[in-house]
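Protein chains in written order, with my numbering: chain A, 1 to 229; chain B, 1 to 91.
Don't take each hint at face value.
[Said to hold, decoys possible] Using 20 Å as the maximum straight-line C-alpha spacing, the simulated SDA-like pairs for lysine to any residue come out as follows:
(1) K94/A / L31/A
(2) K24/B / H35/B
(3) K94/A / K46/B
(4) K46/B / G62/B
(5) K94/A / S7/B
(6) K50/B / T15/A
FYI, nobody ran anything at the bench for these hints, they're computed from the structure.
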Amino acid sequence: MAAIAILVANEILSTVLAFVLVYYFVRAYQLTRSLYLFGLPCGFLLLASSYVFLGVSLLYENNMAVSEMFLWLRLIMQSYGFAFIAFAYYFSSKTNEASERVLRMISLPSVVTIILVFGALYFTPPFLELPPASVADEWFKVLNLVFLGYVIWHLFRHLASPHKEAYGSVWAPLAFSVLALGQYSMLIWGIDGSQIAFIFAHIARLASLTLFIYIYHSSGRVGSESRKA
Amino acid sequence: MKVGKRSRIQIYFDILRILCEELKNDKPSLTRVAHITNLPYDRFQKCLNKLIQLDMVREQDGKFFVTEKGFECINEYERINDFLRRMGLLP
Chain A
1 MAAIAILVAN
11 EILSTVLAFV
21 LVYYFVRAYQ
31 LTRSLYLFGL
41 PCGFLLLASS
51 YVFLGVSLLY
61 ENNMAVSEMF
71 LWLRLIMQSY
81 GFAFIAFAYY
91 FSSKTNEASE
101 RVLRMISLPS
111 VVTIILVFGA
121 LYFTPPFLEL
131 PPASVADEWF
141 KVLNLVFLGY
151 VIWHLFRHLA
161 SPHKEAYGSV
171 WAPLAFSVLA
181 LGQYSMLIWG
191 IDGSQIAFIF
201 AHIARLASLT
211 LFIYIYHSSG
221 RVGSESRKA
Chain B
1 MKVGKRSRIQ
11 IYFDILRILC
21 EELKNDKPSL
31 TRVAHITNLP
41 YDRFQKCLNK
51 LIQLDMVREQ
61 DGKFFVTEKG
71 FECINEYERI
81 NDFLRRMGLL
91 P
């Protein structure tokens with residue numbers, strides 16, 4: 001019971017941190033009005049919802065049907081979240097109108113799919129049982145690692161570009177790497193049931209979300225301080 | 001000032017920032033600010049009026065000043081830009 005309480009508390013904390021990031025990215029979108037940036041608040045919002053669904057599934061662990069439904073929702077939302085973040089990075093280097101059209105074309109079917117998944121999971125008759133979420137979990141984790149791998153590759157390429165100041169730019173690849181390590185640890189836990197991997201995965205997730213918030217709070221200090229001076 | 005297609009907010013921010021830099025001179029020339037921000041003078045005037053209306057710029061004795069709210073706006077915009085740069089989302 002105590003373990004469940006700790007896990008639920010961890011999900012609540014992760015949700016709060018993810019919502020803080022959603023707020024920051026919405027502000028960024030409001031100020032810049034670049035459509036590709038909209039992928040980030042969407043991505044973190046989906047991640048936040050996945051943490052909520054995991055928390056709810058833990059609370060309903062005695063009711064297998066409900067718990068399974070929320071675990072499936074969690075898997076889908078999480079992968080969509082990482083996909084949105086990866087798309088935002090992909091389109092960040094392609095800011096012409098054509099890429100914005102493509103982004104719209106991707107976003108709309110994604111939203112429709114998410115709504116359909118919700119509907120399908122809610123209205124699926126009991127005799128059409130889905131396979132257990134734990135079976136699909138490993139495949140979804142691999143998919144998440146692919147999306148995160150792309151983001152990390154993009155960030156390291158960005159970091160290696162000439163005229164790039166190194167200070168302050170290492171935190172984002174670090175944060176995404178820690179997030180990917182968390183996913184990898186969950187994959188390991190799914191395969192061999194290692195408790196250390198399970199605990200590390202949860203710590204890594206919290207650490208990465210905290211790192212993103214740190215990046216926001218450490219930004220813009222130099223400019224404002226020099227202006228005050 | 002080399003500029004691509006800018007959003008309205010980016011234009012306001014550019015005006016505020018250039019006005020702030022030009023304030024280091026005794027009396028900033030509006031023509032010069034319009035020129036640096038790469039705006040036709042009539043459009044620049046409209047933007048400046050909007051900034052005055054938003055209480056980000058104040059006119060006093062024929063001189064233009066960036067208000068505290070204007071400074072806050074510049075800081076917030078720079079913070080967001082720096083954040084996006086650190087996140088690898090801006091060149």
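Against the structure, the hints:
1. K94/A / L31/A: holds (19 Å)
2. K24/B / H35/B: holds (17 Å)
3. K94/A / K46/B: violated (31 Å)
4. K46/B / G62/B: holds (17 Å)
5. K94/A / S7/B: holds (17 Å)
6. K50/B / T15/A: Status violated; Cα separation ~39 Å.
Of the numbered hints stated above, those contradicted by the structure are hints 3 and 6, listed in ascending order.
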